[in-house]
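In the UniProt record's numbering, the protein residues as written are 1 to 131.
Hints are not guaranteed to be accurate.
[What the hints assert, rightly or not] DSBU-like cross-link-like pairs, simulated, lysine-lysine; straight-line CA separation at most 30 Å:
| hint | residue 1 | residue 2 |
| --- | --- | --- |
| 1 | Lys37 | Lys96 |
| 2 | Lys105 | Lys27 |
| 3 | Lys105 | Lys118 |
| 4 | Lys22 | Lys37 |
| 5 | Lys37 | Lys118 |
| 6 | Lys37 | Lys27 |
| 7 | Lys105 | Lys22 |
| 8 | Lys96 | Lys19 |
| 9 | Lys27 | Lys118 |
| 10 | Lys118 | Lys19 |
| 11 | Lys22 | Lys96 |
| 12 | Lys118 | Lys96 |
| 13 | Lys118 | Lys22 |
| 14 | Lys105 | Lys19 |
Hints are computed from structural coordinates only; laboratory data are not their basis.
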Amino acid sequence: MEAVCLRRTKDVLLNLPEKVEKFILVKISSEWEEISKDLHQTFIQYVGRLRTAGEQWDSSEFFRQLTMLRQFCNHPLFARSEILHQPKWRWQDSGKIVHLVDNLKVFLGGVRGIERTKAVVFSSFTGFLGM
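Just need the whole structure built from these sequences, with the hints factored in.
Written as structure tokens, this is what we have:
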């Protein structure tokens, strides 16, 4: 990845065009959908138990679980500590990566015969960029 991936922090001025946000709904593969539901249910039960039982608020556990759910949305591999079975991981398990790769192929293919050689991909999780 080092040959095609440049890692920089946000304070580096990259002279980029203005940010454009576009929300795209991507599907999770059916084999991961049930695990996703289980992870969300565990999180909901944890938060609900804190509220109803009057247990002391553990912000570190709350944010750990929330971050794990966000990472799971990038790729199920990032929630592997919470998943009981350990399947063979494939990059195609992530709807986000499949969508990204398909669109990068189109983008780098160029428009009107003009080929592009670079694209910039941002992520809050460096592990995602390593995939």
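Tell me, which hint numbers fail for this structure? When the structure is compared with the hints, only number 5 turns out to be violated.
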